[in-house]
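Colleague: So you can see what is in the structure, the chains are spelled out below.
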Amino acid sequence: MAPILKVLLRRLALGALTLLIVSAMIFLAVELLPGDIATETLGQSATPESLAALREKLGLNQPAALRYLAWVAGALQGDFGMSLANQRPIGELIAVRAFNTFFLAGHAAVIAVPLSLFLGLLAALYRDSILDKLISTTTLATISFPEYFVAYILILLFAVQLGWFPSLASVEPGMTLAARLHATFLPALTMTLIVTAHMMRMTRAAIVNLLALPYIEMARLKGMRRWRVIAVHALPNALAPIVNVIALNLAYLIVGVVLVEVVFVYPGLGQLLVDSVAKRDFPVVQAACLIFAATYILLNLAADLIAILSNPRLLHPR
Amino acid sequence: MPWLTHLRSAPISARLGLAIILAYALVAVFAPWLAPFSEADAVGAQYAPWAAPHYLGTDALGRDVMSRMIWGARNTVGIALVTTALAFLLGTTAGLMAATLGGLADTLSSRLVDVLMAVPSLIFALLILTLTGTSVIALILVIAVLDSTRVFRLSRAVAQGILTMDYIEVARMRGEGLFWLIRREVLPNATAPLIAEFGLRFCFVLLFISALSFLGLGLQPPTADWGSMVRESAKLIAFANFSTWQTATFGLAPLLPAGAIAVLTVAVNLVVDWLLHLSSGLKD
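Respectively, the protein sequence lines represent chains A and B. With our numbering, the residue at position 107 of the first sequence is 107, and numbering never jumps. With our numbering, the residue at position 115 of the second sequence is 433, and numbering never jumps.
No lab work stands behind these hints: they were computed from the structure. One or more hints might be untrue.
From the structure, some residues in chain A lie toward chain B, with a derived Cβ separation under 7 Å [what the hints assert, rightly or not]:
hint: 1; residue: 18
hint: 2; residue: 68
hint: 3; residue: 156
hint: 4; residue: 158
Note that the Cβ used here is the ideal one computed from N, Cα and C, for glycine as well.
If we strip away everything but chain B, and leave its shape as in the complex, we get (with noise of 0.2 Å):
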């Protein structure tokens, strides 16, 4: 791995990134074990305060908030992921092909991929949903679909800008096939700016979940999820009061998961802004 000579000269932001984005990986890969209680069950009265047992108290039903967000690393990171690498298997493939092939299939394809991209994800997500149902199964495809098309265009681009290179014409009049063509020349010289894009599209799909979870329409109850505990926790913010410790957590209960969502996104970022950068080339 190139980069992990880099991370030594690697700024204050990236490390930081670094180490939030591993903090929220060990949590989801040890959900079971961190979350002092279940996710779904009831363990406590209803919205009990900051204090132990439940040191972030509970939610409407007497689910313990903290096992909440534990296990809701694990819900929302992983479908996130998920549904990130489907849409990067689905988007490279068809990107790659198209450029390498180009002719009819590179122009049928790009019209297509300009027509699902002239309207918003969203717009077009709920109107599939509404045919479907929620469902995650459905969430997972629906989403990798529509943003498998931002990576159809990058790696289009990308791989069009390789093509035009003469060890490829080389292995091309060598008679190499075209997978070979595309794993072997392509994708080894692709892979900065792609890996830079999958943390960007992770960032998108992350909050495109958790937009979609908390309008209700995503990960469905009891499932713990970060979009869906907002929309839960949201009524309890018009009684929160900054006058006491205890009233004050009462205008935290939403902001807590939303900022979970934040923090990562942010963190997700200042890596990919660092991974940019090095692979530009650009010195201080």
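Excised from the complex, chain A in its bound form (with noise of 0.2 Å):
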């Protein structure tokens, strides 16, 4: 077989080894509860038979690892059970709310992905310059900042100050994307600073590692414009790095999305998974961190395969 086939497959297993040891941690967590569902649902003064009557019904007799199995096989084609706090089936609840959150986090990308490939080519171009410094320390700042603090402040600048934006992020079914982009802007921008300052320093760091390489210095002696090296001759070689942190940053925005609706009050599953550990609504919060978990580890394992697939060692064996 060849090397990189086989690099490829074991990195494939391992992702669904991950995937498959996760789902059954998230899944076996309410094992650990003293009592189980039906204690919880029905409270203190339960009668035994009612109990037994519940437990009955939502299969609670059956042993852990094929209840486990029924649950993920559900998972698979969306249904997750009924949600403890209003008796819906927690597939309908979530299925809308995990489409605005993916939009959201996508609304992020499209803006941070180009903008921080831009500066960070600008400051590995201008290296060590007042520009570059100041790019540098604008992202370090950005880094250390809590989300709700960038959040705040740009709702107190572009809401309420500009009356640009909307100050909450409501969305419905039905909206034209422009309303949709509109009203989900200011959430998007402060997941973009967020993100962009790492994206942005790694590019730096990839394209400035390269530039010191002889076939650089070879292009420059030819007379070449700094544009054109960078773009022609630094970019291809640095790409591999590049699209592996935006993937991964990719992977933190399904994370740093949580709290970013929260300060925006958008309805999407992160949202929900906040409301619903606050009402211990377990069922819709198993299915929450599972989707949330199967979204990151899948995003790594992307990031993972395509560091794999542009190794040229691996491509071309000798």
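Dock chain one against chain two, each of which comes alone in its own frame, and use the hints as you go.
Modeller: Here it is as structure tokens:
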């Protein structure tokens, strides 16, 4: 077998195993509770008969392994069981919310990725200039700020003072794309500010590393323009680390979205997760955690696969 | 302390960071004497303006905001410190042991850490806090365990580098025990990266606890805490108006506690940058 296939398959198998273990942990966490979902639902004063009836109805009498398999099989088809809080199917509850969350994360990514690539190139091109120092200082600051600090400053500026964008990102099904983009602009901008710093620094570092190599010096000695040296000669070789960092930051967006959604009262999966934790609605928390965890693991897997695929030593074995 | 001699040549950014950290520490230690009012009692009208005796106004329940900011330094930073210390105790012990022992113990603990790190810690923390309910003890334990995985990774990697050295070989041949090896040979050589990591971890834990408090799942009222203060005063921002000073302060209400967190994390980062620069042996 070609070495690249071997490495790819190994990484894919590892990803599948991680997903399996993590989903089992999310499912089994509830087993650690004293009592089970039936006692949690009916409370302290429940009679043994009603408890037994509910356990029968929810299938709690079966062994944990069987229930886990049923849960995973259901989850793959979008069926996560019933919410404890309002007795509605979680699948319906989550579908709209998940769409909203991925829309917001996508909106942020569409702004953040080109912006950080451009700023990173600029900083590498004019490194050690005032521009470079300014960019790296501001990015360091945005890394250390809490998400809500950035968010409230943006709200104060763009929503309260200037009135350009709404401070509450309320969206509903049937909105036009333009209205939706307008409503989600401030949360997307908040997330952009948070992830751009990291992506930009990595882009800069990847390109600066390459600029010291002899073939770049040769290109420059030929009298090529700086922009052309970077775009044609340096960038293709820097793509692997850059794409890897982008995938990792997209994974981070999925988590950062929780806080940002709460600040802007955005009807997404993160808001639902936080509300359900407060209500101790286990099935919803499990479902939301599974979706977040699976997305995070898959994006990390994608980052690794891209890194493997763009490694010339594996692509062209001798 | 070798760093004290370096302090004289420290760059301005590191000195600024140290000064800010010192100021926060003083406020946290002397909170009961500095705060003019109690953190939990209503002492004035609701939403009083910024004027004496309530220099930063009062909140929705008539509690003095300045006193709550000062007590918040003690509560938020104190809990973050305890959590970070616990995470370090767990992480370095397990990491150094795994590296020194090697073999099956190393493989098992590393795989466990891999699984814990495969899921974002916020998601994990929310899952566990659903089960345990929100209490300070649960909060500290959950975050400490989740964060110790990062410390484990670093201390294990650092220790593995040290364990290939000749003096370790000599000590092993001398027949020294596991704990002697860790304490006398590995740990002293691993302090510099570990101290820098402590700073970074502290920032992360501070942001993490504040984030949970902001979500209403961390420290519970009436304890004064910066994260929950942001949450409580967030609605005020809609009434901010920069035409007069008094209405402008509404906008500052959530920014004040959030800014307190932001300034502290920036200060710690400045000092950590300097420490990393020192320990890497780079010279300008």
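Colleague: Of the numbered hints stated earlier in the document, which are not met by this structure?
Modeller: 2 and 4
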